[in-house]
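> Following the hints, complete the assembly by docking chain S onto the known chain H.
One letter stands for each residue in the lines below.
2 protein chains.
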Amino acid sequence: NVTADDIIITSGGSEAVLFSFMSCLNPGDEIIVPEPAYANYMAFAISAGAKIRTIATTIEEGFSLPKVEKFEELINERTRAILICNPNNPTGYLYTRREMNQIRDLVKKYDLYLFSDEVYREYIYTGSPYISAMHLEGIEQNTILIDSVSKRYSECGIRVGALITKNPEIRKAVMKFCQARLSPPLIGQIVAEASLDAPEEYYRDVYDEYVERRKCLIDGLNRIPGVYSPIPMGAFYTVAKLPIDDSDKFCRWCLEEFNYEGETVMMAPASGFYTTPGAGRNQVRVAYVLKKHDLERALVVLAKALEAYPGRVEDDGL
Amino acid sequence: NVTADDIIITSGGSEAVLFSFMSCLNPGDEIIVPEPAYANYMAFAISAGAKIRTIATTIEEGFSLPKVEKFEELINERTRAILICNPNNPTGYLYTRREMNQIRDLVKKYDLYLFSDEVYREYIYTGSPYISAMHLEGIEQNTILIDSVSKRYSECGIRVGALITKNPEIRKAVMKFCQARLSPPLIGQIVAEASLDAPEEYYRDVYDEYVERRKCLIDGLNRIPGVYSPIPMGAFYTVAKLPIDDSDKFCRWCLEEFNYEGETVMMAPASGFYTTPGAGRNQVRVAYVLKKHDLERALVVLAKALEAYPGRVEDDGL
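So the sequence lines, in the order shown, correspond to chains H and S. Going by the numbering used here, the first sequence runs without a break in its numbering and finishes at 341. Going by the numbering used here, the second sequence runs without a break in its numbering and finishes at 341.
Take these hints with a grain of salt, some might be off.
Identical chains share a label here; the pair holds if one copy fits it or two copies do between them.
[What the hints assert, rightly or not] Once the Cα atoms are required to be at most 30 Å apart in a straight line, the calculated DSBU-like pairs of lysine-lysine come out as:
id	residue 1	residue 2
1	K199	K272
2	K195	K272
3	K199	K74
4	K174	K189
5	K132	K315
Just so you know, these hints were derived from the structure itself, not from any lab.
Isolated chain H, as found in the complex (with noise of 0.2 Å):
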């Protein structure tokens, strides 16, 4: 039951993102972040003068949420906000409706904000309904949720986004900051209004074409030797684990050193998604946004690469 007095149009999901933490957090605030997680999250809490502490989920468990006594282990004076990505954007990871639950509880024993980045949330593989941060009852007025249409239409660039809640007193804040910056772009609010009237069968041959991918993708890491990748539940990436020293050094030696029959692949070390140091060493982010037929091509290559990459190591099993 969202109304249009709830949603400010923000450039991006990124200003949306920033203008949460400007409006609700003050210099030296603390929010709570499960890792991996999106790597301007930290940019945009060191412009609000904000404090992010992440709480580790691990690829053995999936990257499920971990237990009450995690969070409450970081949970201090200064804890103001936790801040999830649903789906996750590196993991694809979606939460359950327990998980869910648990945050909810949280966010209301310690009376916190919840800021809630939904932004890949068409993007979901999974039978079960879709629980938002919006749906979660008792905390409406502690909820702000994150969107985009930059991955429901693949409008990448053209930075519109929006900041939703039921807040009266967050939107009063955030409106300030809206009014200091003038508009969002003109001409991109334009194009995302007119994409609002995009047909049934554009969503469904969208999903269709990503089920087939992801299936392709996951499939394909999982038969590649030393290889693990969890099933991502939604978004379009994965974390995947791989047989390597150091994923900074294996992606830039595939992109500078490798070729297989002239061509290599491009991945993004996980490292830069944690904040623990060593963490996420052996991980890589894959996309799945490239064709069926190139991911084909590029699981061949990647097979290759880690054949022939000097810091391979073998996997002690997972």
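Only chain S this time, still in chain H's reference frame:
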């Protein structure tokens, strides 16, 4: 001798101001700004945790820059920058070579940054050559120019501006903020790039039109009893003194309670451009962005409004 490497494209001039502050200032640092000034500088300073200290310019002196001593009274160990808007919003004042040299000497002597907002620099109605902050010798590493296509091509809302500096350290810091928010609006960038091909006549026609409008407005204002406007040398604004008690009240009254033959005038109370309490209370900012015919009519309506306004105060002479 600016090169492409010196230019960083931003989401409007607004973001260029914000990123300048974020990149050059620490929380608590001070910026000296001649007032009246564009109100949103204040909002961006608050976002960056910086503090704006204003130095008064007066309508009686045509909004010319105060003496060096007045600046030096404000300079302390937290002073990090001077910000000017040239030609000025809201006054239309254009800094002379002597004034620009005075600013250069201050910047040099105290090793300050110079933020120079020159988004109106095509709108100059004096024969003498324009002195940009980028022309000032010996402070190349201290100077940051703020630019925008909004005024040049009447493209407000496409949100394409630029931050220009010869200082590579500043550019490096600014790029971190740029990378966090990903990109300025793509479609706006395409439009802005195409606009660079605007033919010579476009500028000439726009220029001639503004010269006409300026003459029409300023002559008309000064013919209304009790009204005084200096002659603005740039931009498309003037700050005029009216025979009224309070411009906030008067501007509101014009919109809510007054009409002449079914029409009224909308002006910006100048109080919003001052931080000094009470300053500009009998001043308004008038933008001459209407067609000459409409400006003529607006002058008639304004004269009638001033006759009818219950808070009229007779001018004590200028």
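> Next step is simple, just say for each hint if it's right about the structure.
Taking the hints in turn, this is what the structure says about them:
1. K199 with K272: So K199 and K272 pass the 30 Å test across copies only (22 Å; inside, 44 Å).
2. K195 with K272: So K195 and K272 pass the 30 Å test across copies only (24 Å; inside, 46 Å).
3. K199 with K74: So K199 and K74 pass the 30 Å test inside a copy (23 Å) and across (17 Å) alike.
4. K174 with K189: Answer is within; shortest intra-copy Cα gap is 24 Å, inter-copy 36 Å.
5. K132 with K315: Neither way: K132 and K315 sit 46 Å apart in one copy and 63 Å across, limit 30 Å.
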